[in-house]
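These protein sequences, in sequence, are chains A and B.
Just so you know, this note's numbering puts 58 at position 58 of the first sequence, and the rest follows in order with no gaps.
So this note's numbering is basically just the index in the second sequence, starting at one, shifted up by 1000.
Hints are computed from structural coordinates only; laboratory data are not their basis.
Here the structure is a predicted model, which means the values were calculated and not measured.
Hints may contain errors.
[Said to hold, decoys possible] From the derived model, a few chain A residues whose C-beta atoms are all more than 10 Å from chain B: (1) 16; (2) 31; (3) 77; (4) 94; (5) 95; (6) 237; (7) 319.
[As the list claims (entries may be wrong)] Restricting the straight-line Cα-Cα distance to at most 25 Å, the calculated cross-link-like pairs of lysine to any residue (SDA-like) are: (8) A:98 x B:1247; (9) A:105 x B:1228; (10) B:1247 x B:1122.
Even for Gly, the Cβ is constructed at its ideal location relative to N, Cα and C.
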Amino acid sequence: MTANLTKQKTSTKLKDLVKKPQILTGGHRLCAGCGAPIAVRQMLLGVPDNVKLVVANPTGCLEVSTTIYPYTSWNTSYIHCAFENAAATLSGVETAYKSLKEQGKIKEDYRFIAFGGDGGTYDIGLQSLSGALERGHRLIYVCYNNEAYMNTGIQRSGATPMGSWTTTSPHGNSSSGKKENRKDLTAIAAAHNIPYVAQASISHWKDLVRKAQKAFAADGPVFINVLSPCHRGWRFPMENTVEIARLAVQSCAWPLFEVENGKWKLTTKVPKKIPVGEYLKHQGRFAHLFKEENKDVLALLQENVDAEWEKLLQLCGEAE
Amino acid sequence: MAISNKLINSQTNKEKTGNDKTINNSKAVAIVGTDAVSEAMRQINPDVVAAYPITPQTAIVESFSQLVADGLVKTHMVTVESEHSAMSAAIGASAAGSRVMTCTSSQGLAYMWELLYIASGLRLPIVMPNVNRALSAPINIHCDHSDSMGARDAGWIQIFSENAQEAYDNTLQAIRIAENPDILLPVMVLLDGFIISHAIERVEIIDNDIVSKFVGDFNPPYSLLDSQNPVSVGTFDSLYGYFFEFKRQQEEAMLNAFKVIKDVGKEFGEISGRHYGLFESVGIEDAEFAIIATGSAAGTIRHLVEDMRSRGIPIGMIKLRVYRPFPAKELAEALSGLKAVAVFDRSDTFAGNMGGPIFIELRSSLYDLQQRPLAINYIYGLGGRDLSIELIEKALGELIDAARSGQVKQTVNYLGLRE
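Assemble the whole structure, with the sequences as input and the hints as a guide.
Shown next as structure tokens:
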């Protein structure tokens, strides 16, 4: 469980990565400009050669858009069971593999990966995820985090940032959007003391692919939280998905780090931290925060981002 | 201590009580119902068990965990954090081509509810003993059938057990029924909480080799771990898809189950001397009126019915074994020409004086008969309320009155209710 994941010999050079097989194939029905398939494809660039893969989804955008019967976009084995149980379902698949492999009924090496949205991961699927992490299954759980329930039409989740408009946290005369801070799910996952936990963003593909490679090398549970903007829910032009994700990293609203065998490490430093407003102002979900009556909320958001960033720097041994 | 150690050391019992005295391949032991189930699970030796403790099922999980710890089974056990995850993991493991079992009771079964439909909809032959216990509120740990009746439309085969022996026998047969290529449906084996699960009874355990041969290997039609044929399981089926056709195929599988359950019951009779069908009849051929019951209550009722028959009273009894699929046609044929039937239900439907679930379905089954028997319903034993001989005698008296007078005084009756 304490293998040094950093020393795995894998390449993140584009000329090598382009030779990787396409596991999530084209032709799926996700929106143009959706962050989710970018997160999936970048993660799957980390699949080692010569291993087989089983993918699991909870119910969500990714599931309904990639498996419209009788078609499937998955060029590998795939299972969807329900909304809150991708981790438990995949833990059953992984256990069956261990049992059948031990009996000599399966020869190949398999890896197991789940991709869940933040609704299915932060909220309704948290118990199932925590159980699977605690039981030590060799599986990877990736949250493609778009900070709200997008499949049902943009409702607030435990991942939605404070101040954000959603259809269930609308702003109005007596509200300036979501009142509560999002929960820190990456830290919650790290508290399970599993081999590898990371936070990533689709804007930093090299960082993400390196984390994916470590994830597939880990001999135990892995959790990776990938910021995957949704232009429909966040209200920005569809061609800006990756750029918005980059601003989240540059403003430290979404820091990139990893926790490898308990050791916290900042994987992308931010020498020139931009104000959080520079990230928020491009998104319709935060437009109301730039009105005079909501300037306190915007200031509070900046305070929270600063405090969380300082805390992270301390955990990573980077504090001044 | 694991039950298996006791069983392995126990003496072979030469004396047989089954209806085929020539079979001598088992040993009789005195064990509680939960150990009868875990003993069946040991012999089935599933690839994966995913389970979560709940009274009164807990003893099954405990004794099976010990079997795993002692290396007496090849099973990989997933000790999940909830029943919801137990059934989720079972679904994942079954879709991965392994033989999977779990077990539960009451709230645990209720917590699995959405997944029960997914297990049957994905046609996964998971076998699950359910130790019947009342559903909250008020919270109550004792027996009634409200838990499994809540799952009656979930697409699972449901088989009731009268005693620990039947819980053992049914668990073994359930594997064969579930995995039959014409079925591929999950099966729930039902045994009454405490009355069966925690009472010590004489149980004949069939020799390991014979059980292994009877159970056989699982050959899944699809598997997530078949690398040559990757599959997408649980895909999205929308307005222009095949949802309706899938559901109709599930019903076809249930129709096929009638024959398969009878065939497996017959084959099981050949190795055990205990033959099983969809239901068991006592004196129904020459009866004028009859009782229909299921679970442990059938034992007490049979005792009274046989006593009355010995005194020349034309009463019969049907012990319903298979509740899903519901053997409507066969029951109607058996009950045709009778003057009256009394149906015992250990759960209520709260449908507004419609009676219990077995009553509603049995009465519907009788509708097309030219000469329908009168039908009376007795709801009894909710939350473990005792079903005494006196209460059954009261019901029998009313049944006889109805048969003789041609009139039912009250259709739905609550037996043993404090009023």
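Consistency of the hints with the structure:
Even its closest Cβ contact with chain B, about 24 Å, leaves residue 16 of chain A beyond 10 Å, as expected for a residue assigned away from the interface. For residue 31 of chain A, the shortest C-beta to C-beta distance to chain B comes to about 16 Å, beyond the 10 Å cut-off, and the non-interface label holds. At roughly 4 Å, the least C-beta separation between residue 77 of chain A and chain B is not larger than 10 Å, which violates its mark as non-interface. The beta carbon of residue 94 of chain A sits about 8 Å from the closest Cβ of chain B, which is not more than 10 Å, so the claim that it is off the interface is violated.
Its beta-carbon lying about 5 Å from the closest one in chain B, residue 95 of chain A breaks the requirement of being farther than 10 Å from that chain. A cut-off of 10 Å between C-beta atoms confirms that residue 237 of chain A is not in contact with chain B; the least separation is 28 Å. For residue 319 of chain A, the condition that its CB be more than 10 Å from all CB atoms of chain B holds, with the nearest at approximately 36 Å. A distance of roughly 32 Å separates the Cα atoms of residue 98 of chain A and residue 1247 of chain B; the hinted pair therefore is violated under the 25 Å criterion.
With a C-alpha separation of about 14 Å, the suggested pair residue 105 of chain A and residue 1228 of chain B falls inside the 25 Å cut-off, and the hint holds. The hinted pair formed by residue 1247 of chain B and residue 1122 of chain B meets the criterion: a straight-line CA distance of about 10 Å does not exceed 25 Å.
In summary, the numbered hints that this structure violates are 3, 4, 5 and 8.
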